[in-house]
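Protein chains: 2
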Amino acid sequence: MKSPFSSPALLPLKIIATGVALPPNRVESVDLDRLLNKPEGYVEKRSGIIYRYHASDDASQAELAAAALHDALDRQGIDAASIDLLISASAISVQALPCTAVHILKVSQLAPGTPGFDINSSCVSFISALQVAAGLLNAGTYRRIAIVSADLASRGIDWDDEESSLIFGDGAACAIVERGDGTSGILASLVETHPQGSELCEIRAGGTRRNPRAGMTDRDFLFQMRGKQLFRQASALIEDYLARLLGASGLTLEQIATVVPHQASHLSLEHMRRRLNVSSSVLVDIYRYHGNQVAASIPTALHAAVISGRFNRAEPAMLIGTAAGLSLAGMVLLP
Amino acid sequence: MKSPFSSPALLPLKIIATGVALPPNRVESVDLDRLLNKPEGYVEKRSGIIYRYHASDDASQAELAAAALHDALDRQGIDAASIDLLISASAISVQALPCTAVHILKVSQLAPGTPGFDINSSCVSFISALQVAAGLLNAGTYRRIAIVSADLASRGIDWDDEESSLIFGDGAACAIVERGDGTSGILASLVETHPQGSELCEIRAGGTRRNPRAGMTDRDFLFQMRGKQLFRQASALIEDYLARLLGASGLTLEQIATVVPHQASHLSLEHMRRRLNVSSSVLVDIYRYHGNQVAASIPTALHAAVISGRFNRAEPAMLIGTAAGLSLAGMVLLP
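Note that the protein sequences, when read in sequence, are chains A and B.
To convert, take the position in the first sequence, counting from 1, and add 19; that gives the numbering used here.
To convert, take the position in the second sequence, counting from 1, and add 19; that gives the numbering used here.
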């Protein structure tokens, strides 16, 4: 059945399964109150989070990613051998070389030889990966692609920085996609990068910039954020950006049944609700029980929308987020 | 004019420009003889390299990438503002967060807001990026994409490891691609990943695996290779792989006018010449004057083929390489 929202510009894409994984250790905000010598209730009030999950310092990002991949396969009874490409869409890598997809493939049950590569656009990597997957599937290069986002933000938390240390949670999520029959797909997608904000949100180590040869300190391995400036830059851009994304989709905001946003912070979700006028019943908000899971946030929220029936064939949905970079990324989908 | 090698399965893609950049410091093999206390001629004989380029320890990977991007734009008189997507296809990142494309955009003259993301499949990232670009261009998501690979391998050379320390050079290369008119494109592309070899060639630091919280040493930042095992694994796979790639293209090796291989090592190029029976006149070999430039090797060799007229409309060309992972990647193109 053709959706009334269908358009000749629809790029076929069908999400056939989603799945998630969380590390075992749940960190309540009251636990952080004690850890940080704050009065009870302080961290929850400040962060808007009741609990988030933090992996142990020796836990494997690749294994968490593989757990989300196999959760997606298992939920829909999909044969692992039918996946013909794995895209790792995380913000932080397992290591500098080789790419993260290799590490995930190594601990997964996909067929020997299954190709994999990484896509990275920081917190919105999943949206870039969906764009890329749609292109590859419509070109016939691949037929069934698994996209996995897994981030262990806890590995880079700066406990001396109150603002950023309270908001992050670890996690992984997966979506498996096919071309489908052409009734589902992408009505519009739009990514814009504004690199003048690259230093507002960063981890400076990990590559050619900071290392033993070029010079580094332990602090270079920790997440650094200038939250107010970042929020100001993102706020100045997002209203016009949203209008361009909706314009490209041919829809109005009222026609979007479900908005799956990056779960950046309490403030960013509140901003979306109020200033962009996205109603609470439309917005998928899992922040209170996950925190900001970096690149895993959008697909984890998508999974929550799928299993609660909020991402369904009848109505258009939007993925949207801002990311370290600064990048703005969004996509309007017919599920 | 339609090529006699055209096929209904041709995926349209046109490389409209290529460019390169090298750091200023040329390192002769005789310089390394002195540095490593070897007799004159030792390093050249051992590595097969006359000279390679090494950036200074404070040089910027992003600036080298931007130089290659602007070289490609300038050579063909392409307006920087016409690029609507930048793909960074390097093996090693600038830093853990945000992605490398952001850093390149920041020092480039592309239009404000131009989106960028990273694709990483280690040394064959450029082939994955071409696959992805073809999908995105044919889906109409973007119209003109710049792919840039830039690696500063010198930042991770382990001078105590003779085998790997002699072979690496720094560099960057760019290809600008469009959908084209459908007479140029991809006849076949094939990527296979065999992750059991992931530890044969790696830099362990840089992500969630080794860092101050999970534990690390300075050595984790250096390139580690078990060359013999790696070569054995790659050799066991590549003949069948090449047959599958050619089979998918519908061509025989004799019909490929130009083979642009990853410049992994003297031995790997020799192996391709002899065991795979690729003649010297067909193989693009820039190794003696560049060394192994990691992900920048394939597009740098492609640029050499373009400017020497060896990558031309009349005849099919092949890109091929093995990469840390272990990944095998190849593509048969009608230029």
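Keep in mind the hints are simulated off the structure, nothing from the lab.
It is possible that part of the hints are untrue.
Just a few of them, taken from the derived set where beta-carbon distance is under 7 Å, the chain B residues facing chain A [stated by the list, open to error]: (1) Asp76; (2) Val113; (3) Gln114; (4) Gln150; (5) Val151; (6) Gly226; (7) Met244; (8) Leu249; (9) Phe250; (10) Gln252.
C-beta: ideal position from N, C-alpha, C; glycine also.
Hints and how they fare:
| no. | hint | verdict |
| --- | --- | --- |
| 1 | Asp76 | 5 Å, holds |
| 2 | Val113 | 5 Å, holds |
| 3 | Gln114 | 5 Å, holds |
| 4 | Gln150 | 6 Å, holds |
| 5 | Val151 | 5 Å, holds |
| 6 | Gly226 | 4 Å, holds |
| 7 | Met244 | 10 Å, violated |
| 8 | Leu249 | 11 Å, violated |
| 9 | Phe250 | 16 Å, violated |
| 10 | Gln252 | 13 Å, violated |
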